Amino acid sequence: MKDNGLKLAVVAIFWWAFLPPVAHADNLAVRNCNWCHGGSAEGYTPAPRLAGQRPQYLEQQLAYFHARTRDNPFSRQYMWGAAASLTPQSARQLALYYSSLQPKAANDGVPDLAPLGERIYQEGMPDANIVACVVCHGPNAEGVGQIPRLGGLASSYLKRRLEQWTEGYHAAAGPPMPDIASKLSPDQIEALASYLSFVK
Amino acid sequence: MLAPWSKAVRSLQTFRTGKTMMGRRLAPPKHQAIKTIRRRLTLIVAILTIVFGAGRAQHGIAASSQDVQAKLSYCKDCHGPSAQGYRGYFPIPRLAGQQPSYLENQLQAFIEHRRTNNVMFNVAHSLSPSMVAALAANFHSLNPPPIGGAPQRLVATGRKIFQDGMPDVNIAACAACHGPDATGSEQIPRLAGQLYPYVIKELTNWGKERGQNPARPDISAVMSPVAHSLNKEQIEAVAAYVSTLR
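Heads up: the sequence lines are chains U and S, in that order. Reading the first sequence from the start, the letters are residues 1 to 200 in this note's numbering. Reading the second sequence from the start, the letters are residues 1001 to 1246 in this note's numbering.
I should point out that these hints are in silico values taken from the structure, not numbers from a laboratory. Computed from a predicted model, the values in this text were never measured in an experiment. Some hints could be false.
A few chain S residues that don't get close to chain U, going by computed Cβ distances all over 10 Å [said to hold, decoys possible]: (1) S1073; (2) P1081; (3) Q1099; (4) N1118; (5) K1232.
Footprint (simulated), chain S over chain U, 3 or more residues, beta carbon under 8 Å [said to hold, decoys possible]: (6) 139-147; (7) 168-179.
Quick list of the computed label-pair ranges, beta carbon to beta carbon [to be verified]: (8) U/T166 x S/G1149: 28 to 34 Å; (9) U/G145 x S/P1144: 17 to 23 Å; (10) S/T1157 x U/Q77: 35 to 41 Å; (11) U/S85 x S/N1231: 49 to 55 Å; (12) S/A1062 x U/S85: 36 to 42 Å; (13) U/K200 x S/S1082: 35 to 41 Å; (14) U/P115 x S/P1081: 44 to 50 Å; (15) U/P186 x S/S1065: 26 to 32 Å; (16) U/R76 x S/N1143: 39 to 45 Å; (17) S/A1156 x U/P186: 31 to 37 Å; (18) S/N1231 x U/Q77: 54 to 60 Å; (19) U/Q77 x S/A1156: 50 to 56 Å; (20) U/F74 x S/D1164: 41 to 47 Å; (21) U/T45 x S/N1213: 29 to 35 Å.
The beta carbon of each residue, even a glycine, is placed where N, CA and C say it ideally should be.
Next up, chain U with everything else stripped away, as it sits in the complex (with noise of 0.2 Å):
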């Protein structure tokens, strides 16, 4: 019995001890991000929420940065060089971390402009070729995989993220969203930025 306990206990030491280190607060990384991306990660304009965004999504956007092929100008300024010396594991554990983290809902968008923006986002608008955004990114637009949580991200964030599509950059995302973006006119941006602010 004791034997086994004992057995039992290196076991778990040296299972504990070859375990990555997980991302926490304390951690230097986390500590760099938190700088522009808020205290718990909630987003600090221009720089977006990170709480709760899908981890795979997360992963990825570092990769484009390492790779600088999202090249947007405040991600050439700022996620160029944070994420120059990023190994993939430590990227992989920094998506973990912020992924896990509880999202709380920007609501900073225009209210009267939201009904407008829930029906782009829900039912698309098939006669002018904009299609549902609900398909992909979720009935509560909480993302999956790949595609990335949009709801209670700030509205200055997701109308420059909109409006970037059609100006040439992230090409390396490849399709569909720079098309479905040239469809929508400016209004239709403000309105879908404006609803997804207010999605918890």
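Here the structure of chain U is known, so what remains is to put chain S in place on it, guided by the hints.
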């Protein structure tokens, strides 16, 4: 229209229970079971094709090629740049290589609430008959490789069910209707290269998603007993197999 339809359902009933409506038991020898299943299904398919295929010729002003291109790009925003399908929050089916009659019938099914899907209901409403014909012809002509992603270990079991069926539990060979290469015909869909999660979702929800308008029974009724009889593992196996076919 209803008479041949009920005849088809009756022969399906006969196939499932081994009894005619009058209660006489049909007991073909075991080794003939598959042959009999195939023959009966072929008959059903032939009848349904005639019933639902008739009067489908669409007339109308042809959609301009510019409008068709714009609409194609709209479809492909979700269904993928080569209509190969896409794994969004919901699995979005492959349309490439699909049978035009199947696509036309499904778009009509969304409008008539035979098939429930809010997003596709809206989409289908915005399409004129000539647009539907143009889109269907275009998708039929595409042949991108399947997107893959199914567990390979399930493929062999899936192939067996697809090609031979399971006569002991009244499951017909999928190949009998969908064809040995799963390319479908007329209103029977091509399954080759279809998305693994999409096939699972459809077979699992068949009775809740298709044939939902009692006033307008449709060809989906042929599939309901089969979908109902397949268990989760069998559904996954068949889905894995067809998703690998080119």
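Against the structure, the hints come out as follows:
no.	hint	verdict
1	S1073	violated (6 Å)
2	P1081	violated (5 Å)
3	Q1099	holds (23 Å)
4	N1118	violated (7 Å)
5	K1232	holds (21 Å)
6	139-147	holds (count 6)
7	168-179	holds (count 3)
8	U/T166 x S/G1149: 28 to 34 Å	holds (30 Å)
9	U/G145 x S/P1144: 17 to 23 Å	holds (21 Å)
10	S/T1157 x U/Q77: 35 to 41 Å	violated (54 Å)
11	U/S85 x S/N1231: 49 to 55 Å	holds (51 Å)
12	S/A1062 x U/S85: 36 to 42 Å	violated (59 Å)
13	U/K200 x S/S1082: 35 to 41 Å	holds (36 Å)
14	U/P115 x S/P1081: 44 to 50 Å	violated (32 Å)
15	U/P186 x S/S1065: 26 to 32 Å	holds (29 Å)
16	U/R76 x S/N1143: 39 to 45 Å	holds (40 Å)
17	S/A1156 x U/P186: 31 to 37 Å	violated (54 Å)
18	S/N1231 x U/Q77: 54 to 60 Å	holds (55 Å)
19	U/Q77 x S/A1156: 50 to 56 Å	holds (53 Å)
20	U/F74 x S/D1164: 41 to 47 Å	violated (59 Å)
21	U/T45 x S/N1213: 29 to 35 Å	violated (50 Å)
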